[in-house]
Structure formats: C-alpha cells, structure tokens
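Chemist: Letter by letter, the chains look like this.
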Amino acid sequence: MATISKELANVPALQLAREGAELFEMVSALYPICRSITGKGLRESLRQLQNHIGLSLHEVPTGTQVFDWTVPREWNIRDAYIKDSRGTRVVDFQKNNLHVLNYSLPVKQKMLLSELRKHLFTLPETPDWIPYRTTYYKENWGFCLSQRQLDSRADGEYDVCIDSTLEPGNLTYGEFRIQGANNDEVLISCHSCHPSLCNDNLSGMTVATKLAQQLSAMQLRYSYRFVWIPGTIGAITWLALNESVLPRIKHGLVLSCIGDPGRFNYKKSRRGNAEIDRVVEHVLRHTEDDFVVSDFSPYGYDERQYCSPGINLPVGCFMRTPNGKYPQYHTSADDLSFVKPEALAGSLDRLLRIVLTLEQNRLYVNQNPKCEPQLGRRGLYRTMGGTSGNKLEASLLWVLNLADGKHSLLDIAERSGLDFSELDQAAQALLKCDLLRPLD
Amino acid sequence: MATISKELANVPALQLAREGAELFEMVSALYPICRSITGKGLRESLRQLQNHIGLSLHEVPTGTQVFDWTVPREWNIRDAYIKDSRGTRVVDFQKNNLHVLNYSLPVKQKMLLSELRKHLFTLPETPDWIPYRTTYYKENWGFCLSQRQLDSRADGEYDVCIDSTLEPGNLTYGEFRIQGANNDEVLISCHSCHPSLCNDNLSGMTVATKLAQQLSAMQLRYSYRFVWIPGTIGAITWLALNESVLPRIKHGLVLSCIGDPGRFNYKKSRRGNAEIDRVVEHVLRHTEDDFVVSDFSPYGYDERQYCSPGINLPVGCFMRTPNGKYPQYHTSADDLSFVKPEALAGSLDRLLRIVLTLEQNRLYVNQNPKCEPQLGRRGLYRTMGGTSGNKLEASLLWVLNLADGKHSLLDIAERSGLDFSELDQAAQALLKCDLLRPLD
Amino acid sequence: MATISKELANVPALQLAREGAELFEMVSALYPICRSITGKGLRESLRQLQNHIGLSLHEVPTGTQVFDWTVPREWNIRDAYIKDSRGTRVVDFQKNNLHVLNYSLPVKQKMLLSELRKHLFTLPETPDWIPYRTTYYKENWGFCLSQRQLDSRADGEYDVCIDSTLEPGNLTYGEFRIQGANNDEVLISCHSCHPSLCNDNLSGMTVATKLAQQLSAMQLRYSYRFVWIPGTIGAITWLALNESVLPRIKHGLVLSCIGDPGRFNYKKSRRGNAEIDRVVEHVLRHTEDDFVVSDFSPYGYDERQYCSPGINLPVGCFMRTPNGKYPQYHTSADDLSFVKPEALAGSLDRLLRIVLTLEQNRLYVNQNPKCEPQLGRRGLYRTMGGTSGNKLEASLLWVLNLADGKHSLLDIAERSGLDFSELDQAAQALLKCDLLRPLD
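Residue numbers (the numbering used here), protein chains in the order written: chain A, 49 to 488; chain B, 49 to 488; chain C, 49 to 488.
Worth flagging that the hints you see were computed from the coordinates, not collected in a lab.
Be aware that a few hints might be false.
Any copy will do: because identical chains look the same in the list, a pair fits if it lies in one copy or spans two.
[Claimed, not checked] The calculated lysine-lysine pairs, modelled on DSS-like cross-linking and capped at a C-alpha distance of 25 angstroms, are: (1) K298 x K454; (2) K186 x K418; (3) K439 x K373; (4) K418 x K298; (5) K439 x K186; (6) K131 x K480; (7) K480 x K186; (8) K388 x K166; (9) K131 x K454; (10) K388 x K131; (11) K418 x K388.
In isolation and in its complexed conformation, chain A is listed as follows (with noise of 0.2 angstroms):
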C-alpha cells in the first residue's frame, strides 16, 4: 500500500485532466436530480455516489428531536408546471427542478395571473435566469421562473399544478469512514440538498467522493469521516445524533463552490489558529499565486454549526468564489457550463496536498541538540567548503535547529518560509540516520 507521500510525490498533469473528466461526469450525472433537505432525490444522488465509494445511508424520521431542532416531514415531488390556457406548459419543472418553490405543498388549480404573482419568484437583474429558493420552515409553494418569462405571460387564467408530498418520512444522509492508524479524525463534510445547482454543491460532493476514494487506498495516521448531508438541518442532526464522535475530531472542512475557475477562499474555523487553519494557508501560498484566507463569520455553509459555541470543532470552510460572490449563486445560471473540469481536480489536489501536510505535521526531537550534528560524513552536506549551500542543507539545518519537541514541522515551515514538503523530506532523511525522532 502505497503512503501518501508517494501517491502525490508526482502527479502527472495527465491524471489531473483525467480527475478533471471523471469529476465532471459525476456533476453531470448528479445535476437533473431535483435534491431536498428530504426526499427521494437526496437519496437517489447519495446512491448514486455509492458507485464509487461504499458510504453508507442513514434515514433519520420525521419528528426527531435535535438540540433546537426538529426533523421536518419529508417532501418529494413528482411534477410541477403551469399551463397557460392552450394546455401550454409555461413553466414545467421537468424542463428545470428550480422552477418550483422547494419544499412547495401541492397545489392543483386554476388561477388569474393577478392572484399567482404573489408565488411567483424572478431575479429582474439577471433576466434570463431562474432563481432557487426554498420554504423549507415555512407552510408556501411557488414558482420561480425568469423574468422575460413573466414579462412574456399575458393576463388571464393559468392551470398551476404542484405534485407534490409533505409526509412524514426520514432525513437521508451519506457517511463513509475510513480508519487510519490512530482514531484521531478529520472530518469532510459538503451539503447535498441543493437542486440543479453544479457549483453549489455538486463540486463538493463529488470532489469530497473522489477524495474518499484516493484516501481509501492511501496508508493514513489519522481516521476519515466523510459526510454528506442536507445543510443546516443536516449538519445539526448529525451532530445530535453523534456527539460522542465529536471530541475524537481533531481537523475538518466544509467543502462547498469548488468547481469554478475562481481562486481559492479559506474560511478560517472559529479558533482562528486551528492546525487546519495554519495547514490550509501554508499550502494554498505554496501553490497558488492568488488567494484568499479570511477570518471566521456565523454565516455562510454549516461550519456554522460546527464553529458553534457549543460545538467549537476546528473545521473550516475550503471553497473558490464563496457563496453570494459570484453572480450565478443560487440561480439557473450554476450549471454544467459553471463548473470546470480543471476546477474541481485543481479542488481535489489541493485537498489531498492538505491531508498530506496533516499528515506529515509530526513533533520531532533532534537526537543531537548540541550544536550541528556533522552532516557532511552522513552524506548530507556538500564537502568543498566557501561555497553556498543548496535548499536541501536548508531545510536540515531548520528542522535540526527547530526540532526541539516543541515545533511541529509546520511551526518549522512556517517560520523558514520553506515549503512543508521539502522539510518533510529533510526530516525522513535525518529520521534515517537516527539525527530525529518523532515524538508522537
């Protein structure tokens, strides 16, 4: 079984663009499924993840408590439309699942555009689009459509039909685990109940199935829990039904927006100086030429329930464009043309490029503190003296001088400015001849 160290060592441009591919095709498989916080097409797109690793599916009934919360009635949808007077299906779900209110009670009737307007959604700044909206908490049905669609409807009588269900049921959510050497965890979660939107979420949970896949074959010190659940209410029943798991977590990220071209935005955990937090920023300015890290806010996916006072998990939030910063957001226009091949495997190197660096993170003691250990007849050190060192000797001499039991080897890189990958080899190659030992 190969480490990971290894595994990325090299990845050859080829297998990034077949990632990329794969990753697509997961998206586009995933994305006419009309998704709910509940219902059958939340499950139908978790079993269909199941192709690829074996997570499993729990169903959590309508009814349950969960701290403040309550598990709602499921809802699921057959069909949807409104017919203009000719039979005409002006609006029809089957041609777009935004089209209807998620989490609409059924309706079946007939009525003058005057008395529908007030269930009709448009996004007037962006005319062409559809926008997505919900009334999960809230007894409501409605349409979205597009702006020139509502402009084109003339007055009169229109047939509106929702088929749809609010019974009591489950909530349906993903998990898969792999075991590491030790049950210390790092937690990948990704909200899974949007509709047809590829950016917000597809990328997410595809990616994040990728990564389960490529860790499932790796040699790894810490467990993995990958969940994919419905947001907010998701998050909150997981965490209600898993409290003894909580205090095993040690690192974790929301995955959410990460199939489009946008650079990459970390949200920080709630610490503000979590080891994930540190390891996400000494990657991403080791790769990339632009990006952005900010400072924690209760807003945004469902690091809002794990950054909970009461929960306080060091879990952050890895996306590129967050959500509400690029136009497309919760409209028609997220779709398969949004996201990039490129984009999500760029997600899903730089997520196994984390892992790796989590990985790697170790306390080492150097085994020789007192002055420098004498490289040169180990064969670490160049022999022809008043000449300059190369990054190598660097990167030995600030791990000897840094491994003290109290610098971790981010610390180390940290400070040196060096790249966390070079000083992990340096420190394998001063492991070998018994220069350093781990301390943990």
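Put chains B and C on the given structure of chain A with help from the hints.
Modeler: Frame of chain A; chains B and C shown alone:
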C-alpha cells in the same frame, strides 16, 4: 425613568442645536472669571455650575500634605495694571485677566521699562496674542501682553501694580456623584483652573456639567463621579483624599479641549487596552470619518496623575485638538470665537454614546450553544430560503456564536466589525426569547 | 577608573579616526598570513593579537571528541605552486595563499593540464578574482585561480606541488575574559580561520580585540568573554569544553563582516526577542539612517552553534553586509581595498554603545508612585507654567511613570520612542534625589 439606550436612540438634530447653544452660553458666562488653582475665581466658577447640577464644593486647607505635594496658599487678585507716565493703563487686568502672570505676588512700584522687561512675557510669533503663563510654585510676579503692546511702549518710567494676595486659605474642587444600580464607578474629570481660556478648559467643565445633568435623569448600571479640579495639584489632592474610592473606579475619562471644531483625539490610558480605551475607539470608529487614537504618554492633563504607577486607573483623555497642537493654545486667542456650539454638542453626544456602550457592554451566555437555535420559529429569521440575510440576522448570529461567557458584547463588536448598538439590539431580542442569559 | 557611560559620552571624531587607523593597521598586519581551522597560521595570528590584549591561547589535541565531531588533524603548509614547462610558477601560493585549496593534502607530481583541471577552481563570472575554497573534512587537494589565469594556460605538462602536512597536532583558539562586578557574562565571538580575506573576518577579529582593550579600562557590571575561534569546529569545540560556563552567558554577539562600508545588518538570536536583540535594534535605530534587522536562520556564522536547540544562547550576529550578499565574498577581492578604517571604527563605536546599553539596562522602582512627585522643588522642572516641557522633562516623566519594577529602562525606551541614553540620564537624576531605586 427612561433607560439610557432609549434616551439616546433618536437624538433629534434640533436637540443637538439646543444643547450646543446652552453649552456655549455656559462657556460665555464663565469666560470673564479669573480662575487659578485656588481662590475666589475658581470657587465662583464652580458655584455657577451649581445652577445646573447639585455639585458639592470641597475646601482643602493650605498646608495639607497630599502625597509628595503641599496644598499651596490661596491666591486672590483684585486688580493689576501697568500705567504710563500719563496715568493711562497700557496693560490692564480688567480688560483681560491673562495679562497677569497667574499667581503673581503683589507689587506696587514705579519702574523703568528696562527694569520691567524681565517681568514681561510676549509671543513674538503671534504678535497680537497674549500668552497664558503661571508661577504657581515659584514666588514671582509678571505681566503677559501682546508683542505689539510691548513694541509700542517707549522707554521711561511706568507705574506697576498687582493687587493680589497669597495667603493661607483653601484649594477648592467640585464633585458630583450619581448612584447607579451598583457601586462600581465611572470617573469624569476636568481641570477648572485656567482663567479666560475657552477650549482649555471651559469646554470640558461645561460638557461635563451637561453630561452629569443628562445622566442624572437616567437609569444606570454604573455610578458616575464627576470632579472639577485645578490641574495637577487638584488631581493629586483629590486622589490623596479619596484613596478608598479608587478600587471602585472601573473606567474614567479626563475631558479637555472639546469645544474646537477639530477631529476627536483620544489618548489611551496607561494600560492601553482598558475597556474604556476600546469603548472610545469603537464609538469613534462608528461615528467619525476621521479621528485619532494615540498611546498613553505621561504628559498632558490629569491622566498623568490618574495613570501614575501607584494609582494606575483605567483613565484616558478625551479631546478634540490636543494641547499644544493648535496655535491658539495657552493664548488669548483661545477665546469665545474659537469654540463652537456644534463642537460642544458633538462632544457631549459622543460622551453619551461612550457611556451607553459602557453601560450595555455585558457578558452573555447562549442558552442553546450546540448548533444554531431555530430563529425562524421565533420570528427572528427570514422564511424564504436561498435569499441573503439582513443586518439584524448577522448581528443575531454573531451574538449567538460568541456569547460563550468569555466574549463581551464589545469583543463581539470588535471581532464582527458591526456596530455595538446593533449587537445590543440583537442581544435584547435574544434575551426576550430566552436564548441568551446575562452572565454578570 | 571611568565608568563606561562617561567614557562614551563624547567620543571625539579625532579619536574615531585614530581608532579606524589602528584597526586598519591590525587588519593589514594579519592579512598575509595563511590561516586555517588549525595550524601555525591561526596560532601566529592569535599571537599577533596578544600585542594588544592579554588573550590566552588554548590548544585542543587532534582526536578530541567534541559533541558529534572530532578535532581534525593539524594542517600546515609551507609552499604550493604550479610550474609550467619552463619552470615558471604560473600559480603561486607565495603570491596569494587563496591559491591553495585550504586543507589540501601534499602533492608533488607532473600532470597534464587535462588531468589537473578537476583540481582547479575558478570564478568564471568574476574572471580576475581567485575563489576561496576549503576541503576540511574530505581528503583532497587543489588550486584556486582566476579564470583569466586558467584561460591563459596552454595544454601540456605542469609541475604541481603542495608542500603541506596533515598530522596529529592541535586546534588553537584564543580567549580573553574581563571580570565585571558580577559573574554574568557577555560573549563576543569571531571566527579566525579564514586566510587572506579582510572583511570575512579580519574585521571581526580586530574589532573584537579593540573592544576588549577598551572594556578592560572600564568599570563594568557584566563580565565579558571574547573568543577567537575557527568557524564551526572551533565554536563546537569551545562549547563542548565550556559547557559549565554557558548558564552564565546572558547575552552574546558573533562579529563578522564589519569592515565594509555597507549598512549594518543584525541577525537576531534564535529566541528572537532576547535582550541583546532588542538592545542592538534600539542602538541602530538611534544611530543609523538605514539598517536591517532580520530574523534568525540556522545558517551563516557560529550563531548556528550558539543557537542550536540544545545550547540556545541569546547570541545574535552583528554584521555590515552579510555573507554572500557582496560579490567580493569568499574571493581574493575581499582584500585591503574592500575594508575601510571608518567602517571598522564605526562598528567598534556601535558595539560600545550596545555594551553601554546592556550595562545600563536596569529595573528601577519609583519611590513616589502615587501621582507625580513635585519635580520643581528638586530643580528638575521648569518653574514657569503654561510653557512646553523639554526633552529631559519628558524623559523624567516616562521613567517615573513606568519605573514600577516591571519595565526595564529598555522597555521604557521602546515604549516612549526616546533614546536610551536620555532615559538613563533621567534615571541618574532621579536616583540622586531618591525618587528612584534600582531593583536589581
């Protein structure tokens, strides 16, 4: 009785204008009086303030030992002049009390201008202005006059008279205390010893009086203590006689030079990160386009004494243009034309906001700390999903996220960048539905 | 015996010029000697320094184990050359001792140029300069020459001779200790192993000597220990043999490259905020228009050993242009034309100021901590009120305000922005009138 928060919520512009006019009238009434660190002018000034609030006058006898100092003899003056050979008063105390070197010994004699010169003080660079000079602790006498006055004097004999007394008496200071819900105190201090100078410090004396008047009508958590004292010796005297009060002083401000139209300057306490330092900075950040916050330095006003190492109270100095930073400083040009009603009223307004923030800065504990509570069913959250939240939602989420009993509302304001008053509104809403509990 | 503070108060420009000339003369005398990490050249150089101060020479036998290293055999050389077929010395050790690869094994044979080439070292980019190269820990031999010398050589046979010995002997180092009022020590270290190179490090060797000479004539609080040692192996040897001394070393500096006309560069100790780090930065801030302070890194000079994790002394590296940052570095162009008398004297001057600051950096306690003491009746304050204070008053007030037994004089200098020497003058004045007491 109105709470301070309701009181301040909507200060109409008209009220600000009225307050500015009243403050300017108070300054105007005090302007002609010849104050000093002791004597009738100081006493008379404090009595005028009794027309507005029930401050009490304290008299400390000459010779009282106050730490390293001794209360000096009381100085009083009736008249002073220099007459030319024709009997014309060419320098006249009755025209401007700055003409006499403050604390001058009595003198009555004829002198040649050449002999007189070493007792004359001018400002050659601003030749129309009379300097303000004192000789509190060295026996001396003298006159201050404009350079032009001096230049116009011919040689010859002059009749010199200072009709003053320096005799055992008292040092006077004023004090006013408002009892709040608890005995912890906020100290507001202003020096009251300067003769006909407006910004330095009739502005501080009058704004303090108005502030005391307004706070008297409110329900307050803290108790408030106002002192009107002669500079340096007055602060030292008050501190020496009130050592038992000091442990109760939790916050404090010295008010000085707050009537000119310049931007606000806040000089932090010696501690540098005291709550008062952070509160003042927060208020100015959210009310001003331009302001200055500077570190403590051991010169300036009575913060020198309050922040001496053996006292070390959390007392900062609230100013507009600081001492020495405006050309009119310590000259006859610091007159009624230099201070502005709207500047006085603006200073009062900011001080009320500072007090409000101190009053409302509490530690709260989120009663539902595990994940977010369901705000929607409490009417505190939009029901339509997929849309963006508003400012109140952001405030609610920030308060819930950081209300862990360790972050004060001010901490939350600083970390979120939101205005304190918005966060307080959110906290009040959360208190109402029992999602929050005050810790202290 | 003069105190150091009086000594340094007014260094006349003439004295600086004289010291510069003396230092340059010392450098010139040492320049021709072929030093190495062992041998007669090193020994002879240290004996020359004995003309100036009574340093003692220590001899450590070949084979002595010093931590991870072993003291090598002693290397000595009498002559070395390459003769062409006409018997002309085309490369001649007698002309420049850099021509021989330092620590070369003896060789005497005829060789074709084609065979000889792998033993020849040049600098193609600076074709007139001879490189400085060593082979301390790998048995080898070679010649260094200018690229032009090499280019002018025709093919053919050459007579190659290195008349050297590598035999059991000793490693030599010099040491000089000044006993101060207490046993806490300041360590000054300079490497002394480089052959004909001036800035690196005859500048350090000679300035250290002059500094030792001047400190010997002063009353000092600390004891001072100077070491002249071969680089790396010398520092390791000294540390291994003097472990019992290390706990007494409170501050230290490595001196290197301090004779060139460049700006000062100080590399901080591994601790990063040691008192020596702050003192050097303070002195440079108040004497230089331009200087650099950089963080510790584990390559450079013997700070590598002093700051290894098991030693971790507060030792920084005081330089002008650092190693590798000037083109003449480790070449024959680091000669007598590269170092300047005024640069040497300026370095000595800054080091004296650094020592002065270390000596005078004390904790004081204000004996009148409650409010300011009345400085006026002690003659330390202007008597005319209303005017501005002078710099001494500011210094007095800062010292009184922060002399609470927790802020050193250096802390006060850093916080106030005032020069340390002004604050020390203020402290001395306050000590005289019993307003201050030294804590340590």
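Chemist: Hint by hint, note whether the structure agrees.
Modeler: Going down the list of hints, with the structure as the test:
With identical chains, the CA atoms of K298 and K454 are at most 25 angstroms apart both within one copy (19 angstroms) and between copies (23 angstroms). Proximity of K186 and K418 under a CA criterion of 25 angstroms is satisfied inter-copy only: 23 angstroms between copies versus 69 angstroms inside one chain copy. When the C-alpha separation of K439 and K373 is checked against a cutoff of 25 angstroms, the pair qualifies only between copies, where the shortest distance is 17 angstroms, while the shortest distance within a copy is 40 angstroms. Taking the shortest alpha-carbon separations for K418 and K298, only the inter-copy value of 18 angstroms comes in at or below 25 angstroms, while the best intra-copy value is 34 angstroms.
Proximity of K439 to K186 under the C-alpha cut-off of 25 angstroms is restricted to the inter-copy arrangement: shortest distance 21 angstroms between copies versus 61 angstroms within a copy. When the C-alpha separation of K131 and K480 is checked against a cutoff of 25 angstroms, the pair qualifies neither within a copy, at 75 angstroms, nor between copies, at 47 angstroms. Only between protomers do K480 and K186 lie at most 25 angstroms apart by alpha-carbon distance; the minimum there is 22 angstroms, versus 63 angstroms within a single protomer. Proximity of K388 and K166 under a CA criterion of 25 angstroms is satisfied in neither setting, with 37 angstroms inside one chain copy and 55 angstroms between copies.
For the homomeric pair K131 and K454, neither the shortest alpha-carbon distance inside one copy (70 angstroms) nor that between copies (58 angstroms) is at most 25 angstroms. Proximity of K388 and K131 under a CA criterion of 25 angstroms is satisfied in neither setting, with 36 angstroms inside one chain copy and 70 angstroms between copies. For the identical chains of this complex, K418 and K388 are neighbours neither inside a copy (53 angstroms) nor across copies (37 angstroms), given an alpha-carbon limit of 25 angstroms.
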